[in-house]
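Enquirer: Here the structure of chain H is known, so what remains is to put chain D in place on it, guided by the hints.
Protein chains: 2
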Amino acid sequence: MTPDVKHMKWWGWGEEGVFFNYLNKPQFAPFVKKALDIDLRPRKIDTIAFDPDTVPDSTLPDDLAAALVAVTSPDQVSVDPHERVVHGHGSSVTELLHVSRGDYGRLPEVVVYPATDTEVAGVLAAAVEHDAVVVPYGGGTNIARSLQLDPAEKRPIISLDTGLLSGLRELDEDSGLARVGGGMQGPALEEALNDRGWTLGHMPDSFTHSTVGGWAATRSSGMQSDKYGDIAGIVRGMTVVRPAGTVTLRPVPSESTGPSLREMFIGSEGRLGVITELWVQVHRLPAERVVVAYMYPEWKSAVAAIRQIAADEVPTTFVRISDGNETGFSLATQKAATTLKKKLEGKAQAGLWAVMRRRGWNTDQMCISYVCFEGLAADVAARRKAVDAIARRHGALSLGTGPGALYDQKKFDTPYLRDFLLEQDVMGDVSETAAPWSKLNGVHRAVYAAAEKAFAQLGRKGWIMSHLSHSYHAGACLYFTFAFKAGEKPDAEYALVKTAIQQAFVDAGGTLSHHHGVGMEHAPWMEQVVSTEGVALMRSLFDAADPGAHLNPGKVIDAPLTLFDNLE
Amino acid sequence: MTPDVKHMKWWGWGEEGVFFNYLNKPQFAPFVKKALDIDLRPRKIDTIAFDPDTVPDSTLPDDLAAALVAVTSPDQVSVDPHERVVHGHGSSVTELLHVSRGDYGRLPEVVVYPATDTEVAGVLAAAVEHDAVVVPYGGGTNIARSLQLDPAEKRPIISLDTGLLSGLRELDEDSGLARVGGGMQGPALEEALNDRGWTLGHMPDSFTHSTVGGWAATRSSGMQSDKYGDIAGIVRGMTVVRPAGTVTLRPVPSESTGPSLREMFIGSEGRLGVITELWVQVHRLPAERVVVAYMYPEWKSAVAAIRQIAADEVPTTFVRISDGNETGFSLATQKAATTLKKKLEGKAQAGLWAVMRRRGWNTDQMCISYVCFEGLAADVAARRKAVDAIARRHGALSLGTGPGALYDQKKFDTPYLRDFLLEQDVMGDVSETAAPWSKLNGVHRAVYAAAEKAFAQLGRKGWIMSHLSHSYHAGACLYFTFAFKAGEKPDAEYALVKTAIQQAFVDAGGTLSHHHGVGMEHAPWMEQVVSTEGVALMRSLFDAADPGAHLNPGKVIDAPLTLFDNLE
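From first to last, the protein sequence lines are chains H and D.
According to UniProt numbering, the residues represented by the first sequence are 1 to 568, in order.
According to UniProt numbering, the residues represented by the second sequence are 1 to 568, in order.
Derived from the structure by calculation, the hints contain no laboratory data.
Treat the hints with care, as some may be off.
Since the list can't tell identical chains apart, any single copy or any two copies may satisfy a pair.
Cross-link-like lysine to any residue pairs, in silico, SDA-like; alpha carbons within 25 Å at most [to be verified]:
1. Lys-227 x Ala-381
2. Lys-300 x Arg-284
3. Lys-300 x His-283
4. Lys-385 x Arg-289
5. Lys-300 x Leu-171
6. Lys-227 x Ala-378
7. Lys-453 x Arg-101
8. Lys-300 x Asp-172
So that you can see chain H by itself, here it is in the shape it has in the complex (with noise of 0.2 Å):
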């Protein structure tokens, strides 16, 4: 029996009878027709029947699986095809693409579900004397390819699932420190903490599926950085069982203890060992919470705006600006008005959209924004008016409390998009980048012009549209979602857009993920975001940790598959 640990479809995004849903949205069909010249149907399957004799028997070797069992227990074991399907893959659109279709790619021969530190340290014990890879499975949702697996390889692939390794194990009131098992999901601790009064405040986009090593093994951020942090802020300790022993960092605030340990397991995606237990950051929950909307007139005033927020140091919780087209887009998947309350902000709205024809916007230009506050309800209220009028100096019109709402209830929902995309034939995926200030509004023309170059060779209607988030003193993240419709070939395709989009991050000023990770889908342009030498610093660094290369191999440099092979 395999342990109770809760995995997604094994075809696609979340949980199995959730999807994105237009019927209720009725100005979404239009707007797709219009962005990408498709005629949207209605969803034809509600889940993909699983069938086990569609996936060739693992070829374990005895020896190996014994020594596995030998160290955890018969129960966490597991050669379930099933099992070894979920675990073949991470959530990139490339892998959905073909798992869907049942072309499960490279299969690990083996799931365990270690569940101490001790047992973790067996199983790689015995990967290295059997010879077998391990690659740690967290919540599957990563979409850079640190999961995918190479078909190339020939030794037997052990899928190391952290799932029992979870619970938040101890709570420091004192210091906001908490400390976490590796294998835990965010909803469940973020409710483990809630419960106490508490919270992480970690919310990225897989939030709900991803789990606390995961966010430290891909350098994650959460939408709510901007208070909470990154990932790297947040982890202040961690224990990291590797082959030779298990690394245990204390949790401190800060230190100068030569170069940071720390720093190197966060993003290190499997290849220095696997994160059991992290210490991090956590605050009490905050009195009041705010989000509000701002329209601007256009993208740059709206990007100088958040630029000023950040210089003056207010704190806010996030800051959000959708350019023209994601404002466009935003205003497309609103739910048709049901109750008397949405009706009569849509009046409200109405009023609102007089006044930005009476100013002389363009509407294509227009862009929304949110911004989050959180603390005491004097301090909230102090911020806000800061804010408030920031925005005005840079000619934006408050749109109130109303679309913040909505917003916070919708953020889980976008990764679903794109599985309901695929079944239209429709490849959609984002990207995403941070840079300077100075540099962002380039980066930002950039993207779309190596976009629509792109779309142009493929000769299809294609969207691109972002926002900016995360905001730093010296820059910010940029993310981009696009999408076109699907020909003959969906993988090189999408390899010739997404390849374009990356380029131009890079060549722009910009480096090649803030939050998404490596994998196999960024290595190729690690030598220029880092230079040639730092790739080859970073290859010493994994060579001399994992010398039998027995750590998930070929992620973050050195990828065995990259994009271009899709090209052929």
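Expert: Below, chain D alone, put in the same frame as chain H:
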């Protein structure tokens, strides 16, 4: 002719002609008498004449000399005895003790001043080819023995002075980012930035002589880190020249590109290469700057107040509290009142003392606190009001802005005190840690107990005092200053006391150093702090990145000279 690069006294801290003076501080001598049972005597020496004849000739091999001149120029390569002595040590108290007595220790064979990345690469190539060691030298201010040379090193040692790798090279005003030469010293950089309306805001005690590259290489933090960040937060991009090539990390606000190379170089103390250029965050000079002083009845309530300021996210530039002993020391180092203004302030102070006495405060336990606010006048006023309220709730009295202005003036004077004490045959030094809020009081108690025990073992009266500074969400830094009358074996006595304090840090849940680095001084505790396997991983990195051990070997881990060696 040697390049015009500013260096400190060859035998002590800072500039020739600048000293700590106690004669204008009427309460200082009685204080020292009480604290250390020592009768101070006026300073006997103003300087120590340098005698080149006491320095053994350089044994620099001719071929290496020729190679170094070939990659730079004759003017950039020096075997001058004074140069070699200056570059043969950092500023740890044991190094200064010996150097000031003419016991120079291991000296570098040669000092080189490369002026470009290409020249640095040339020096490194020459070192590898001729099997020499390279020790990068910035301002020489390090007190963790990161610059001390190993007497057992048989290979030629090249001191690579970064002084010509200087200059504010680019200022990105939109992003608040500056590109700076690694060898630029604090005052020159701050002046260049101030001229254009900007500030770095990084103010370590060593500021007047230390360099940007040195700050990065030792994982430094300045007294204003609450606002401006630790150096790891300030540095967003960098260039590091290594024997195999040059690593260039572009400036971005945050990124998810695998293990952080930036965070590997920060704190690397020369072991991974030479940091030649940095992109650092800079801020506009604040419209207003105010330092407000508060007096708390005792330590615990002051710590609780500071924790609350952090939890409420009140933007401050720094928050600092001195414990009872340090508050007493502060009062004892005040200059005699000579102006009417000061007399009036004295009267105001007398009024405060009356209030304190009425409240029954124990004057030995009172803690002075400084809080700095910067920004627009309205923001400063609002933040000060918020801190005033928190301070009041924790029993504090506001002392206004008078003492704070004084604090601001004196802030870089402390290091001179150590030399003054040395001349009085007193070993005085500092040691600092960081810990979670829940452990700070325990660390404070444990360090006092450990120091008192060590003083008792020496059979001498000793002094210890502390302040809390650098506050974070999860904890803060505790900074200790200690002193005792030296006996026959000042090295060994120092080792006994310092060892006791460092061990107390680690045992009580603190870290080894918050911002002084590791060097050789703290290396023996690394396994206790980052675990045995953590040190093993770091060793893998250093060995793989520098297989010939040419780059400042024996620092951070595997130190050839430990404090314990001095005990024998």
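Enquirer: It remains to establish, for every hint, whether it holds in the given structure.
Expert: Now the hints, each set against the structure:
1. Taking the closest pair of Cα atoms, Lys-227 and Ala-381 come within 25 Å of each other both inside a single copy (17 Å) and across two copies (23 Å).
2. For the homomeric pair Lys-300 and Arg-284, the shortest alpha-carbon distance between copies (21 Å) is at most 25 Å, but the shortest distance inside one copy (35 Å) is not.
3. Only between protomers do Lys-300 and His-283 lie at most 25 Å apart by alpha-carbon distance; the minimum there is 22 Å, versus 34 Å within a single protomer.
4. For the homomeric pair Lys-385 and Arg-289, the shortest alpha-carbon distances inside one copy (15 Å) and between copies (23 Å) are both at most 25 Å.
5. In this assembly of identical chains, Lys-300 and Leu-171 lie within 25 Å of each other by CA distance solely across copies; the values are 21 Å between and 43 Å within a copy.
6. In this homomeric assembly, Lys-227 and Ala-378 come within 25 Å of each other (Cα to Cα) both inside a single copy, at 17 Å, and across copies, at 22 Å.
7. For the homomeric pair Lys-453 and Arg-101, neither the shortest alpha-carbon distance inside one copy (29 Å) nor that between copies (72 Å) is at most 25 Å.
8. Taking the shortest alpha-carbon separations for Lys-300 and Asp-172, only the inter-copy value of 18 Å comes in at or below 25 Å, while the best intra-copy value is 43 Å.
Comparing the model with each numbered hint stated earlier shows that hint 7 is the single one that does not hold.
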